[in-house]
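Engineer: Sequence:
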Amino acid sequence: MAVGVRLAFALASRGGDASGGWVLARARCGEGAEAAEWLRGEALRLAVRLDPGPRTRWAAPGTLHPVREPGPDAPTSLRAWAEDRQRRARVRHLLAHGRALSFHFPDPGGAWYALTAAPLAPPTPESR
3 MAVGVRLAFA
13 LASRGGDASG
23 GWVLARARCG
33 EGAEAAEWLR
43 GEALRLAVRL
53 DPGPRTRWAA
63 PGTLHPVREP
73 GPDAPTSLRA
83 WAEDRQRRAR
93 VRHLLAHGRA
103 LSFHFPDPGG
113 AWYALTAAPL
123 APPTPESR
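Count along the sequence shown from 1, then add 2; that gives the number in our numbering.
None of these hints come from the bench; they were simulated from the model. Since the structure is predicted, the reported quantities are computational estimates derived from the model, not experimental observations. One should not assume that every hint holds.
As the list claims (entries may be wrong) - Computed beta-carbon distance windows for the label pairs: (1) Ala-12 to Arg-90: 17 to 23 angstroms; (2) Thr-78 to Pro-124: 36 to 42 angstroms; (3) Glu-33 to Pro-108: 29 to 35 angstroms; (4) Glu-39 to Gly-111: 28 to 34 angstroms; (5) Leu-96 to Ala-62: 38 to 44 angstroms; (6) Gly-112 to Gly-32: 35 to 41 angstroms; (7) Gln-88 to Ala-29: 19 to 25 angstroms.
Every residue gets a Cβ at the ideal spot worked out from N, C-alpha and C, and that includes glycine.
Please build the complete structure, drawing on both the sequences and the hints.
Structural biologist: Below is the structure:
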């Protein structure tokens with residue numbers, strides 16, 4: 003794939019556990035940089051929803067409490083992935099070259115979350 007070819011991307015975030023998986027969000031972006039930012043934003047959105055912090059407004063007081071399990075949990079991994087500048091640059095580079103990407107974030111309790119980006123075929127002259 004030549005750099006500079008403008009590809010659209012199908013993006014998704016999914017979550018699941020032993021009982022199955024579900025699509026949490028979908029998007030279509032017109033270029034690699036936009037797709038990379040959607041993936042980053044979705045990772046942060048999921049992290050905040052899964053582990054909102056003590057001052058969140060949407061959870062009733064006393065609802066949230068710390069969990070002590072070994073290893074990083076999915077929200078921690080999602081945040082770290084989204085905040086890693088080198089990784090963001092690598093994702094933008096791969097998307098600019100038309101690569102499909104998939105990232106998996108397991109949780110110690112058995113749940114998992116995934117972010118995917120897949121290039122869509124460029125429109126043909128007949129489809130325009």
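Engineer: I'd like to know which numbered hints this structure contradicts. Please list them from smallest to largest.
Structural biologist: Violated hints: none; all satisfied.
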